[in-house]
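Asker: The lines below spell out each chain.
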Amino acid sequence: MNKDSKDRIERIFREGLSDHTDIVSADLDVPEGTWINIENALDAPKSNRRGGFVGLILALVGFGVLVGFSIYTMAQMTNFQYLEFLAIPDSLILPHISSEGSMIDVFIPSKTASAREEVVQIENQKDQSRDPISRNRGLAISPHVANQVNDDQESDVARKAFPFLSTKEIEEDTYLQNNKDGAEIELEDFPAFRNFGLLSSVSGEMSPLAKSDVVVEGLEGELKSSKYWTAQLGAGMRSNDYFIQGNFSIDPNTQFNVEKRWSPEVFLTASYFMGKSFSLDAGLHFTPIQTTAKYVFTLPYSTAEEEIVGNIAFRSINHNIPSVDGGLAAETRLERNVEATVEDGEEVVLNADVDQTQHIISLPLSARLRLLNLGNLHVSAGVGINFNLQISQLKSEVTNLESSLEQISYRELVLTPLDTRSSKSFFMGYQFGIDTQYFIDNSGTFISGSLTYSNALSPIFSFDNVNVYPRSLAVGIGIGKKF
Amino acid sequence: MDDHQIMVLINGCLNGDRKNQRALFDCYKRATFALCLRYARDKFQAQDMLQEGFIKVFKDLASYNASKGALWTWMRRVIINACLQYIRKNRKFEQECFIGEETDVVQYEDVSSSSYSPRDLLSYLQQLPNGYRTVFNLHVMEGYTHPEIAEILNISINTSKSQLSKAKAFLRKCLKEGNPENVTSKLAVTR
Numbered sequence: 000m001n002k003d004s005k006d007r008i009e010r011i012f013r014e015g016l017s018d019h020t021d022i023v024s025a026d027l028d029v030p031e032g033t034w035i036n037i038e039n040a041l042d043a044p045k046s047n048r049r050g051g052f053v054g055l056i057l058a059l060v061g062f063g064v065l066v067g068f069s070i071y072t073m074a075q076m077t078n079f080q081y082l083e084f085l086a087i088p089d090s091l092i093l094p095h096i097s098s099e100g101s102m103i104d105v106f107i108p109s110k111t112a113s114a115r116e117e118v119v120q121i122e123n124q125k126d127q128s129r130d131p132i133s134r135n136r137g138l139a140i141s142p143h144v145a146n147q148v149n150d151d152q153e154s155d156v157a158r159k160a161f162p163f164l165s166t167k168e169i170e171e172d173t174y175l176q177n178n179k180d181g182a183e184i185e186l187e188d189f190p191a192f193r194n195f196g197l198l199s200s201v202s203g204e205m206s207p208l209a210k211s212d213v214v215v216e217g218l219e220g221e222l223k224s225s226k227y228w229t230a231q232l233g234a235g236m237r238s239n240d241y242f243i244q245g246n247f248s249i250d251p252n253t254q255f256n257v258e259k260r261w262s263p264e265v266f267l268t269a270s271y272f273m274g275k276s277f278s279l280d281a282g283l284h285f286t287p288i289q290t291t292a293k294y295v296f297t298l299p300y301s302t303a304e305e306e307i308v309g310n311i312a313f314r315s316i317n318h319n320i321p322s323v324d325g326g327l328a329a330e331t332r333l334e335r336n337v338e339a340t341v342e343d344g345e346e347v348v349l350n351a352d353v354d355q356t357q358h359i360i361s362l363p364l365s366a367r368l369r370l371l372n373l374g375n376l377h378v379s380a381g382v383g384i385n386f387n388l389q390i391s392q393l394k395s396e397v398t399n400l401e402s403s404l405e406q407i408s409y410r411e412l413v414l415t416p417l418d419t420r421s422s423k424s425f426f427m428g429y430q431f432g433i434d435t436q437y438f439i440d441n442s443g444t445f446i447s448g449s450l451t452y453s454n455a456l457s458p459i460f461s462f463d464n465v466n467v468y469p470r471s472l473a474v475g476i477g478i479g480k481k482f
Numbered sequence: 000m001d002d003h004q005i006m007v008l009i010n011g012c013l014n015g016d017r018k019n020q021r022a023l024f025d026c027y028k029r030a031t032f033a034l035c036l037r038y039a040r041d042k043f044q045a046q047d048m049l050q051e052g053f054i055k056v057f058k059d060l061a062s063y064n065a066s067k068g069a070l071w072t073w074m075r076r077v078i079i080n081a082c083l084q085y086i087r088k089n090r091k092f093e094q095e096c097f098i099g100e101e102t103d104v105v106q107y108e109d110v111s112s113s114s115y116s117p118r119d120l121l122s123y124l125q126q127l128p129n130g131y132r133t134v135f136n137l138h139v140m141e142g143y144t145h146p147e148i149a150e151i152l153n154i155s156i157n158t159s160k161s162q163l164s165k166a167k168a169f170l171r172k173c174l175k176e177g178n179p180e181n182v183t184s185k186l187a188v189t190r
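Going line by line, the protein sequences match chains A and B.
Residue numbers for the first sequence follow numbering that gives the first Met the number 0, so the first one is 0 and each next one is one higher.
Residue numbers for the second sequence follow numbering that gives the first Met the number 0, so the first one is 0 and each next one is one higher.
These aren't lab readings, by the way, just hints derived from the structure by calculation.
Built from N, CA and C at the ideal position, the CB exists for glycine as well.
Treat each hint with caution, since some may be false.
[Stated by the list, open to error] Label pairs and their in silico Cβ distance ranges:
1) A:Tyr-227 / B:Arg-76: 53 to 63 Å
2) A:Val-413 / B:Lys-58: 39 to 49 Å
3) A:Glu-14 / B:Met-6: 26 to 36 Å
4) A:Asp-6 / B:Phe-43: 26 to 36 Å
5) A:Ala-366 / B:Lys-58: 41 to 51 Å
6) A:Thr-297 / B:Glu-176: 19 to 29 Å
7) A:Glu-31 / B:Glu-147: 28 to 38 Å
[Unchecked claim] Taking lysine-lysine pairs in the PhoX-like style, the calculated list, with each CA pair at most 25 Å apart, reads:
8) B:Lys-160 / A:Lys-394
9) A:Lys-481 / A:Lys-226
10) B:Lys-55 / B:Lys-42
11) B:Lys-88 / A:Lys-394
12) A:Lys-293 / A:Lys-394
13) B:Lys-175 / B:Lys-160
From just these sequences and the hints, can you work out the full model?
Answerer: If you want it as structure tokens, here you go:
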């Protein structure tokens, strides 16, 4: 091919098509109705396609805000329940004290029924427990008071530790007056407590302040234990393949099959436990979808089109092949020694293994139910949906190329995407799975393991009646913490 | 139409005056349709491209700066962008088979510019697969370099070169054999 001929082709088209009046003549004029369509489009309200996407984002943000608000509200409600029966004026407390009464009557007025029930429950548990700390969860002393005392150890400890007592009562109590620094106060020695016997089990060398702290912590823990956050970071492996709905209209001389491959994955997950057994999870996963495409091409080998350099005869064959993300331009180069005879037009069957990769960012949202509680080991099952964004186009790497003709001494396959679209696919799917958490210490640190199956509900790629849906089975391990 | 008349039209269009918009459309519709025909597979696609192009022209007209060039130069760029966007949007998958390239060299004396009507040339061009046609248009008709085409189409420079080479090989055959159908029998296109 000489350059003049190439340039001449360019010149013929450049000159021939440069004048629009030659092209657009009576029988190829601007179609009628074009202006009406333009006018209608200018009058129409703006497309809501972008609005739909913005709506989806807003819905996700809204979901997050809702969950966050729920958590905040529940935390506030817990604190209210807790504080409501702590901040009780003397006038409400003292009239309830009697020798037949209980501390619950002292601390909780009748209007706070829910708080009262909660403390009754704690009282019942207390009796069954051997732990001296948990047995005294019924004693509620405001952390504010405790802090005040910590700040001012030399002040009137008893007054601050027992705000429900009047000044006169404290002054009249000889025992408290003799131990104003709080160092040797024993709660069972305090007359009001002695009468009700609720704190008789508190003993040892703890000061009332220390006891208050312990009790407050215990009570808070009890009230808040069923609602908490966990966050975990993990990595795993994902076995991917594609479900291809419909048939690619491919050359009958090309066979195409996609096989599973394992891919690495990293993830970050936040879970909000709304009860001891139920949680809502949201996460961010990054994974490449890796598969191996197996191709079998049958190509005619024309010796007439070979180029010969020395004792090597070679030819390049350009053909196109399908993939799960659009067509690929394939350039196959075959070489033979000139002494190795090949019949003109003889068919060459080539088997090609092509590793293909697409990078995906996934946002899964799921609900999880705890199935088993075996001490520190928890087993849960979950189901949910996921939103996925393809952040890279399909990358192809030929890993194996075999020829049916022994005479072919060298073969090479170069693949280039035909599809020049700039936008990336967005697709959604569902997932379900099972996971375990093992709490390794009392600070709430845990290790986790999971097994999840996911499948796309909308295609990552579609053309005509062909839809391609990614699906995968993932195993992961992670480390997390309870907050 | 002189510069003053064009400026009057532009101002009218910027104020949303439908009569001025219609006048601008009528003034440039043939030239822009011819442009779209080169990028399209047929006149129906070209009509879609023309519509989308003019909608973009009216929406973006405020960004036109008369001191930087003629209106037609600006409009041409906007219309070409609309054509490329249309091709990207509508070309999800094409399975194209194009076996055997540049085997029949068309000699210099075989082809001369006077032998072919613009309609024939357009017909040959429209037979090309989208990728080949787009690269050929950008390089040969618009004068873009391969690095520029690679950036515009988000492909590699080599792909741009390769597609141009294949496009020319196809067009040479068309010019030699005269009937694109003869050539397209070797070109299995799934659309």
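Asker: Each hint needs a verdict: does it hold in this structure or not?
Answerer: Here's how the hints hold up against the structure:
About 59 Å separates the C-beta atoms of Tyr-227 (chain A) and Arg-76 (chain B), a value consistent with the hinted range of 53 to 63 Å. Taking 39 to 49 Å as the suggested C-beta distance range, the pair Val-413 (chain A) and Lys-58 (chain B) conforms, at roughly 42 Å. Separation of Glu-14 (chain A) from Met-6 (chain B) is about 32 Å and conforms to the stated range, judged on CB atoms against 26 to 36 Å. For Asp-6 (chain A) paired with Phe-43 (chain B), a C-beta distance near 33 Å keeps the hint of 26 to 36 Å intact.
Between Ala-366 (chain A) and Lys-58 (chain B) the CB atoms are about 45 Å apart, so this pair conforms to the stated range of 41 to 51 Å. For Thr-297 (chain A) paired with Glu-176 (chain B), a C-beta distance near 27 Å keeps the hint of 19 to 29 Å intact. Checked against the hint of 28 to 38 Å, the C-beta distance between Glu-31 (chain A) and Glu-147 (chain B) comes to roughly 36 Å, which is consistent with it. A distance of roughly 20 Å separates the Cα atoms of Lys-160 (chain B) and Lys-394 (chain A); the hinted pair therefore holds under the 25 Å criterion.
With a C-alpha separation of about 10 Å, the suggested pair Lys-481 (chain A) and Lys-226 (chain A) falls inside the 25 Å cut-off, and the hint holds. Between the alpha carbons of Lys-55 (chain B) and Lys-42 (chain B) the distance comes to roughly 20 Å, so the proposed pair stays at or under 25 Å and holds. Of the supplied pair hints, the one linking Lys-88 (chain B) and Lys-394 (chain A) holds, its CA atoms being roughly 21 Å apart against a limit of 25 Å. Using a Cα cut-off of 25 Å, the hinted pair Lys-293 (chain A) and Lys-394 (chain A) holds, with the two alpha carbons roughly 15 Å apart.
Among the hinted pairs, Lys-175 (chain B) with Lys-160 (chain B) is consistent with the structure: their alpha-carbon atoms are about 22 Å apart, no more than 25 Å.
Of the hints listed earlier, there is not a single one the structure fails to meet.
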